[in-house]
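Q: Using the sequences and the hints given, assemble the complete structure.
There are 2 protein chains.
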Amino acid sequence: MLVSNIFLCQLSEAFAQSDPLPSWNESPTKKSIIDFVTRVTTEGSPDVVPVPERIAAFDNDGTLWCEKPVYFQVAFAFDRIKAMAPQHPEWKTTQPFKAILHKDMQALAASGENGLLQIMAVTHAGMTTDEFSDAVRDWIANARHPRFNRPYTDLIYKPMLELLTYLRANGFKTFVVSGGGVEFMRPWMERVYGIPPEQVVGSSGVVKFNAGLNGKPKLVKQPKIEFVDDGPGKPVGINRFIGRRPIFAFGNSDGDLQMLQWTAGGTGARFMGIVHHTDAEREYEYDRLSKIGKLDKALDAAAAAGWTVVDMKTDWKTVFSSP
Amino acid sequence: MLVSNIFLCQLSEAFAQSDPLPSWNESPTKKSIIDFVTRVTTEGSPDVVPVPERIAAFDNDGTLWCEKPVYFQVAFAFDRIKAMAPQHPEWKTTQPFKAILHKDMQALAASGENGLLQIMAVTHAGMTTDEFSDAVRDWIANARHPRFNRPYTDLIYKPMLELLTYLRANGFKTFVVSGGGVEFMRPWMERVYGIPPEQVVGSSGVVKFNAGLNGKPKLVKQPKIEFVDDGPGKPVGINRFIGRRPIFAFGNSDGDLQMLQWTAGGTGARFMGIVHHTDAEREYEYDRLSKIGKLDKALDAAAAAGWTVVDMKTDWKTVFSSP
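Each protein sequence line maps, in turn, to chains E and Z.
Going by my numbering, the residue at position 154 of the first sequence is 154; the numbering climbs one at a time, nothing skipped.
Going by my numbering, the residue at position 173 of the second sequence is 173; the numbering climbs one at a time, nothing skipped.
Treat the hints loosely; a few may be bogus.
No copy is singled out in the list; a pair is fine if it fits within one copy or between any two copies.
Said to hold, decoys possible - Distance condition first, Cα-Cα at most 30 Å in a straight line; then the derived DSSO-like pairs of lysine-lysine:
(1) K313 with K216
(2) K208 with K291
(3) K208 with K158
(4) K297 with K208
Rather than coming from a laboratory, the hints here were simulated on the basis of the structure.
A: Spelled out as C-alpha cells, the structure:
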C-alpha cells in the first residue's frame with residue numbers, strides 16, 4: 001500500500017513535470033499547440049523545421065498581457081502628464097492636458113488624433129532614449145492597475161509565459177511584434193518575458209543622433225511617428241526586423257490579422273493562434289464590438305481557416321502570472 | 001629525442017588550436033582584441049559583461065568583405081540592368097540605363113542622384129521580397145568580381161570571419177550594421193558569416209503588404225527609400241533594431257564614425273576597431289581621398305581616442321576567405 005502510494009505519487013509528479021503548459025486546461029486548444037510543436041521538432045518527421053527557422057511572433061497587448069481598460073502605454077502617458085503637470089501650469093487650461101488632469105474622457109475624445117499626438121509629443125519625445133527608458137522602468141515599478149490594484153507586469157498571462165518558455169525549450173526564437181512603442185516595451189520585456197530587446201518589434205518614433213559633448217553622444221526622441229507596427233504594418237515590421245517569416249504567430253485582435261495571414265501563407269507546417277477574451281470575471285470579456293482589441297474579421301478568418309482560438313474562460317486554468 | 005619531438009609537436013598543435021585568430025599576425029592589433037575579449041569575459045574581472053549585453057556590431061562593405069571597385073550591391077544593380085535590358089529596348093536610348101549598358105561611367109555620373117534612384121527603382125522595387133531574395137541568391141551564386149575573377153563571397157576577409165567566430169564562442173551576439181540594403185544582405189549572410197537575418201541591420205526601402213489571392217499574401221518592394229543606415233543613421237539603426245548599445249564595433253570608413261562614437265560613449269569596457277585598407281597588392285589601398293569607403297575623420301578620431309586600427313598589410317596574414 002505504502003509502496004504503491006509512493007509510486008503513484010512519483011508518477012503523478014513525473015507527469016506534472018512533463019507537462020510544459022500546466023496553466024492550460026486539457027482541451028483541443030492545448031493539444032493543437034503541443035501537436036504542432038511536436039510535429040516541427042521531431043527528427044525524421046516530414047514537418048520538421050530547422051532550428052534557425054523556428055521563429056515565433058507574439059502580439060503583446062491582449063495577447064501576452066492585459067490591455068484594458070486602456071492600453072498600458074496610454075496609462076503610462078497619462079501618468080506622465082500628471083507627473084509633469086506641476087512644471088506646466090498652462091496645462092490647467094489647455095486641452096488635451098486639462099482633460100487628462102480632470103479625467104474628462106469626453107473632452108479627451110473630442111481632442112481627437114491631434115490631441116493624442118500632442119500627448120505623445122510631450123510624454124514620448126524631447127528626451128534621450130536613455131531618459132525615456134528610465135521613465136518607463138520607473139513607471140513599471142510603481143504604477144498600479146486601476147481594477148486589479150497591482151503592478152501592470154503582474155497582469156501578464158501565465159499560460160502565455162509557459163508557452164514562450166515551452167517554445168524556447170524546443171529551439172524557437174520568440175519575438176514580440178506589437179503595435180506598442182518599441183522603446184516602451186524593451187526596458188522590461190527581457191526580465192518579464194525572457195525576450196531580449198533585439199527580439200522586440202514595435203511602433204517607433206523618429207530618433208536623431210546628436211554627437212554630444214565630451215564623447216557622450218545622444219539619441220534624442222523626436223515628436224514624429226516613424227513606423228506603425230499594426231495591421232498591415234505587422235508583416236512589414238516582421239520583414240524589416242526579423243527578415244524571415246514566422247512559422248508560429250499569436251494575436252488577439254484584428255490588428256493581428258495580417259501577421260496571422262502572413263504566417264499562414266508560408267510553406268510547411270504553421271501555427272496561428274488567437275486569444276479570445278471570454279472571461280469577464282477573471283479578466284475581461286470582449287471581441288467584435290470592442291474599441292480596444294476589437295476581434296471581428298480575425299475571428300471569422302480563424303473560423304474559416306481552422307486557426308486555434310483560445311477561449312480564455314475554459315482553456316486557461318490560471319489567467320495572471322501573479323496571484 | 002623522439003619523445004621530445006612528439007612533445008614539441010603536440011605543444012605546437014595545442015598552441016595552434018588555442019589561437020582563435022590564426023590569420024592575424026602577432027601584433028598590438030591582435031593583442032588589443034584578445035585582451036578586450038578576455039577582460040569582458042573573465043568571471044571576477046572588474047570589466048566582466050553579462051552575456052546578453054555582449055553585443056558586437058560590424059559594418060559590412062570594406063569591413064567584412066571587399067568594397068572595390070564599386071560596392072557589390074551596385075555591381076548587382078548593374079548586372080540586373082544588363083539582364084533585364086532585352087525586355088526594355090527603350091533603355092538603349094535612355095539614361096541612366098544606356099550609360100550602364102555601354103559602361104559609360106561619365107554619363108552615369110552625370111545622371112546624378114536621380115539616375116541612381118531610377119536604377120534602384122527598377123532593380124530593387126516592383127517585385128515581392130521573395131522574388132528579390134531569389135534574384136540576390138542567383139547573383140551571389142553566379143557573378144564574379146572583375147579584378148579577382150571569383151564569386152563576391154570569396155572576397156570575405158578571413159581574419160574578420162575568425163573574429164566573428166571568436167566573439168560568438170565568447171558569448172557575443174554578432175550583428176551586421178551596414179549602409180547596404182538589408183534585403184540584399186540577408187539572403188546570404190547566414191551561410192557566409194553565420195549571422196542570421198534577424199541580426200542584420202541595414203538600409204531599407206518601403207515595403208507594402210498585399211493580401212494576395214488564395215491565402216498567399218505578398219510583401220511588395222516600393223521604389224521609395226525608407227531608412228539610410230549610414231553615418232548618423234547607424235546609431236539610429238542600432239537603437240531601432242537592436243535596442244541596446246554595442247560594447248564592440250568595427251568599421252572602415254567615415255560612415256562608421258557615429259557608430260564607433262555611440263559604442264565608445266557607453267559605460268564600462270568597450271572596443272572600437274577600424275580596418276585600414278593599406279594593401280594594394282593583395283586587396284586595395286585607400287583612405288582619406290577615396291570616394292568609396294572614405295576614411296578621414298574616423299581615422300583622426302581613432303588616433304585621438306586610441307581605437308584599434310588594423311593595418312591590413314601588416315596585421316593580416318591572409319586577406320580573403322578563399323585562396
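Q: Would you mind marking each hint as holding or not holding in the structure?
A: Going down the list of hints, with the structure as the test:
Within a single copy, K313 and K216 get their C-alpha atoms no closer than 52 Å, and across copies no closer than 33 Å, so neither meets the 30 Å cut-off. In the homo-oligomer, the alpha carbons of K208 and K291 lie at most 30 Å apart only across protomers (26 Å), although the nearest pairing inside one protomer, at 33 Å, exceeds that limit. Taking the shortest alpha-carbon separations for K208 and K158, neither the intra-copy value of 38 Å nor the inter-copy value of 35 Å comes in at or below 30 Å. In this homomeric assembly, K297 and K208 come within 30 Å of each other (Cα to Cα) only across copies, at 20 Å, whereas the closest approach inside a single copy is 38 Å.
Of the numbered hints given earlier, the model fails hints 1, 3; all others are met.
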